[in-house]
Structures are given as structure tokens and as C-alpha cells.
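In the order they appear, the protein sequences are chains A and B.
Going by numbering that gives the first Met the number 0, the first sequence wraps up at 480, each residue one higher than the last.
Going by numbering that gives the first Met the number 0, the second sequence wraps up at 136, each residue one higher than the last.
What the hints contain is simulated information worked out from the structure, not anything from laboratory work.
A virtual CB, placed ideally from N, CA and C, is assigned to each residue, including glycine.
Just so you know, not all the hints are guaranteed correct.
[As the list claims (entries may be wrong)] Sample of chain A residues facing chain B (criterion: CB under 8 Å; computed from the structure):
(1) 69
(2) 72
(3) 267
(4) 410
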Amino acid sequence: MIKITDMKKKAPYMWEIDKSFRSDMNVPARIFATREMLDDVLKDRSIEQLVNVATLRGIQSAAIVMPDVHEGYGFPIGGVAATLWPSGVISPGGIGYDINCGVRLVKSQLELSDIKSRIKLLGAAIYTSIPSGVGKGGDILLSEAKLDEVLRHGAQKMVQKGYGFEADIDHTESRGCLENADPAMVSHQAKKRGEDQLGTMGAGNHFVEVGVVEEIYDEECANAYGLFENQITVLIHTGSRGLGHQVATDYIKIMMGKMRDYGIVVPDRELACAPFDSPEGQKYFAAMAAAANFAWANRQAIMHGVRLAWRDIFGGKLEDLELLYDVAHNIAKIETHIIDGKLQKVIVHRKGATRAFGPGNPEVPKDYRDVGQPVIIPGSMGTSSFVLAGANRSMELSFGSSCHGAGRQMSRSEAKRRVDATSIINELEHRGIHVQAGSLKGIAEEAPQAYKDVESVVNVVHEAGIAKKVAKLRPLMVIKG
Amino acid sequence: MRRYSYLEHICDIRLKVEADSMEELFKAALDGMNSIIAGGAAEGLPESFERRICVESMDYTCLLVDFLSEVLLLTHSHYNIFSRIEIESLSSSRLEAVLHGRRVEEFDEDIKAVTYHEAEVVKNSQGNYESVIVFDI
């Protein structure tokens with residue numbers, strides 16, 4: 000049982016468990032949080048999971064969690080781990096089943112007063128335009144050959160097909176395509192699960208949310224991002240759907256069967272992994288990239304649906320809705336970081352964490368490069384969301400990573416027991432937040448009280464210097480599966 | 000005898016299964032998973048789909064998880080709830096069975112994956128087999 004006394008405060012908002020805590024740890028475990036947050040964090044087993052991550056072969060500097068941490072399986076959600084390239088391990092559990100689950104923020108030039116009377120119409124139009132809900136397929140049916148093109152080229156393929164504009168690609172992390180993707184490494188079964196899911200949102204915590212910029216904290220960054228007070232925005236949160244889930248399932252099984260051959264022992268089966276430069280590591284990396292590309296294509300297709308709905312209600316051109324940025328939450332990337340004073344290539348695993356590169360980084364789009372990468376942090380249904388700008392200190396502290404959301408604090412079953420969905424809808428309506436949803440059960444599970452206070456989470460990464468607050472968004476209409 | 004129940008989990012679903020034989024344990028796990036996915040939606044519908052499966056794994060624990068993953072894949076691929084199973088052979092590393100399913104229009108809950116996270120098939124103090132299975136939802 001891990002206690003607060005096992006943690007040392009290394010800096011404001013940063014705590015560490017020394018690697019001497021357990022004999023199998025290779026690096027310390029690092030937690031970004033306030034002292035008050037630690038009490039809650041220790042209520043579940045997320046820190047024990049973090050200590051397990053610290054045992055992985057080739058892990059560098061520290062196993063890290065963000066303030067939105069909560070218990071997952073294998074890795075905790077909110078986790079960041081970098082392993083040495085090319086011989087360190089890659090672990091599907093360090094990326095998660097929903098590969099490249101992520102969020103994109105779309106901005107309009109309209110203000111609250113322009114849309115207030117038609118917000119419900121807009122919600123209904125978006126709900127009709129985007130298939131959502133449990134197990135729902137969509138209108139884009141792909142042959143395996145066409146699906147392979149999407150897996151190889153990601154959002155770029157969708158833009159070629161007319162589902163968006165080149166400017167969207169410029170504002171997507173990795174330009175919406177990981178080049179090492181290889182569709183041949185994705186099983187037929189995974190493709191079968193994805194064949195009718197492109198352009199669908201799914202259920203759970205996935206959503207489309209229309210919001211308004213309520214507060215600007217940093218004028219310079221807001222100007223660079225094209226954000227202004229009272230501006231209407233649309234937030235899209237979804238991932239690689241069944242295709243990505245199956246890729247993770249397939250490769251965890253493969254790696255579990257091969258670990259003994261590589262002399263790898265892990266404290267939790269869900270940490271199954273393989274050396275990155277092994278055949279299994281390389282195949283998974285190529286399949287994961289393909290699933291990540293599918294997720295970017297999916298968010299691109301959904302944004303197209305939002306644009307069509309927007310044009311139906313407000314007229315104008317599809318380009319009137321511009322993509323501010325799209326970030327991945329569950330992904331592994333090959334990046335270069337300074338470790339022990341030397342430039343070192345590493346395999347950065349982010350599981351429920353957002354890349355947060357600072358000013359000057361060539362990976363940041365040119366028009367944002369002076370201020371840093373947009374970091375988009377969705378709140379829970381009914382609470383604010385935030386836009387931050389990546390800061391260079393993230394490179395020193397967290398392998399260029401930030402938090403990804405509020406983080407759950409109440410189980411789904413407890414939420415269903417304690418929350419009445421109809422009351423939530425009425426309460427939100429009273430506060431000027433409309434909900435369009437397919438399931439009352441989903442509303443209860445995703446109720447705001449089931450999540451941590453997103454503002455406290457965001458303040459930790461802001462105060463720690465990982466990313467700085469730029470703007471706060473207030474929800475107006477939530478569309479859920 | 001077979002039974003299942005749900006335990007608390009902060010974001011996912013934790014299923015506890017118990018049975019007096021290994022075959023019944025697998026059936027209990029199938030019942031528990033179907034209850035999450037279908038929520039009763041398939042009750043009363045005629046069986047309309049049949050699929051032979053063969054799953055191979057390292058041990059009973061992995062076999063149980065891999066079996067559920069296989070059923071989940073078929074469920075999602077064919078919009079079927081496979082609520083009845085005829086187990087033809089079961090060893091610590093191999094399961095052969097025939098699944099019988101009912102087509103449904105939609106699911107009650109979207110299980111992304113069956114995880115190995117806390118899975119451990121053990122014999123408990125009553126002499127029954129039991130395990131916990133965490134579903135990523």
C-alpha cells in the first residue's frame with residue numbers, strides 16, 4: 000500500500016517516489032498534483048500502477064502521471080513513459096485500447112449572440128449528421144482496399160476525398176498521419192470492426208460539444224490561435240473505435256506470448272510489451288500507427304459532418320469553421336529529448352496525456368510556433384474546457400506532455416446510483432447547457448460530478464510550467480452517443 | 000453452479016465470476032459479459048447465428064480472457080449476442096466450442112476490450128474456480 004509519506008516533494012506541484020521504493024523499479028515515479036489531490040489519487044491503485052510502469056525495460060528518467068490520473072489497467076490513465084530507442088520496450092498497454100483517442104477544437108467567427116436562438120437546431124442537426132451511440136455504424140462503408148488507404152494516410156486521405164481542407168492537416172498533430180503505418184500489420188478482424196465506423200462518434204465519454212470562449216488568459220497566445228471572447232467553438236472527442244480496440248487486443252496477446260523469449264517479466268499482464276526493435280515491437284508500432292491514422296481520419300470525417308450541419312443552420316461556407324488544432328491522447332511517438340544532458344531518441348508512450356511542445360519546436364505548426372502547441376483539455380459534460388499553450392518546461396519535466404482532461408473520480412456504477420440523468424439534463428438546461436443524447440444511462444455515467452474539477456487539474460500543469468492557460472470555454476450544447 | 004457479480008471500478012467494469020467447474024466458469028464469464036453488452040436486449044429473440052471457435056492460449060487465465068475477446072470480436076463484427084455456448088473441449092491451453100447468437104440492432108454498452116489486468120483463475124476456499132475480469136469501456 001503506497002502512502003503519502005512514500006512521496007517526496009521535488010518541486011511545487013511535483014512529487015516523486017524514489018526508485019529504491021521497490022527493488023524492481025528502474026526509475027522514480029513522478030506525480031504532478033497538489034498536496035490535496037494526492038489524498039484522492041491514493042484512493043485507487045493508480046500510483047501502484049505507476050510504480051509498475053517504472054519497472055519497464057529501458058524506461059528513462061521517470062514514470063510520470065498527470066494530475067488527471069486515475070486507475071486504468073497496466074498503465075494508469077494520465078501516464079507518460081519514455082523508453083530508450085531502439086532497444087527499450089513498446090507496450091500496447093501504455094497507449095491504451097482506444098488508440099489515438101483525442102480531441103480537436105474547431106472555431107467559428109460567430110459570437111454567442113449570433114447563434115443563441117438556433118443552438119438547439121444546431122444540436123439536432125449535428126446529432127443527425129454524425130452517427131453516435133453504442134455499436135452504431137456510419138454511412139461511410141469502405142472496402143478493405145479503401146480502408147487500407149485510410150490506415151496508411153489518415154486525415155490526409157479524408158481531405159483528398161473532400162472531407163476537409165489542407166489547412167485542417169496543417170493544424171493536426173503529426174499532420175494527421177504517422178508515416179510508419181502499415182495496414183498489413185492490422186488484422187482482418189480489426190479491419191472488420193472498423194469497416195463501417197469511420198465518421199462515427201461511439202459512446203462513453205465521447206462527444207461533440209458546442210461552446211463559447213468565456214475568458215482569455217493570455218492575449219498573445221489567443222491571438223496566435225485566433226481565439227476571442229464570446230467566440231463559438233466546437234470540440235470533438237473520439238478515437239479509433241473498434242478498429243483500434245482490436246489492434247490493441249491482438250498485439251497484447253501476441254506480446255504476452257513472446258515476453259518469455261525476450262526475458263521480460265512484468266508485474267501486471269496488461270504491461271505486456273516487446274523490445275521496440277523486435278519483430279513484434281515493429282509490427283505493433285506499424286499497426287498502432289495505422290489505427291492512429293484511422294482515428295485522425297475519423298475526427299476529420301466527424302468535423303465534416305459538423306461543418307455540414309453548421310452550414311445547414313447558419314449558411315455560409317464549409318471553410319467558415321476552421322480547425323484550431325487536433326491532439327492525440329493515446330499514442331506512442333518516437334521523439335528526441337534531452338536525457339542526462341544528451342539528446343536521446345525515445346519511444347514516448349502517452350496514455351491519457353496530451354503532447355505539449357513549447358515555442359520554437361519544429362513539430363508545432365508554423366502559425367503557432369512562436370507561442371507553442373495548442374493543448375486542448377476537455378472538461379466533463381457541463382463544466383468548462385480549456386485551451387493551453389505548450390511550454391518548453393514540459394520538455395524538462397514530462398517528455399513534452401500535459402494532462403488530457405478532468406479525470407474520473409467516481410465509478411460509472413456509483414454515478415448511475417447517485418445521479419438521476421433527467422435531473423442532470425434539467426439542471427444543465429437551467430444553466431444554459433443543452434444536451435442531445437441517445438442514452439439516459441450514458442448521461443448519468445458522464446455526469447459532471449463523476450469527474451475531478453478540471454480547473455484544478457489545469458491549474459497544476461499551468462503552475463508546474465508544463466503548459467500555460469490561454470482560454471476557457473463554456474459548453475452550450477453537448478451531443479453524446 | 001455458476002454466478003457473476005460486478006465490483007466497483009473507477010472508470011471501467013470489473014466482473015467477478017465463480018463456478019464449480021472450469022466449463023461453468025467460462026459460461027459464467029460469457030453470461031456476465033453479455034449482460035453488460037446486451038442489457039437484456041437479446042432476450043426473447045430467436046437464435047439465428049452459429050459460429051465454431053477455437054482459442055489457444057498460455058494458461059486458463061489467458062484462455063478465459065482470449066475467449067471473451069474472441070466472442071467480443073464476433074459480437075461487434077456481426078451485431079450478434081452469443082448467449083449460448085456448447086463447449087466441445089477445454090484444456091488449460093485450448094478451447095473448442097460452438098457459439099449460438101441472436102442478431103441485435105444495437106448494444107447497451109460498448110466494451111472496447113477484455114483486459115488481462117486482474118484476471119487470475121484460482122480455486123477458492125470453497126473449492127470453486129473464480130476470477131475477476133476488467134472490461135475497458
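Now for the hints, and whether the structure bears them out:
1. 69: holds, 5 Å
2. 72: holds, 4 Å
3. 267: Holds: closest Cβ of chain B sits about 7 Å from residue 267 (chain A), inside 8 Å.
4. 410: holds, 5 Å
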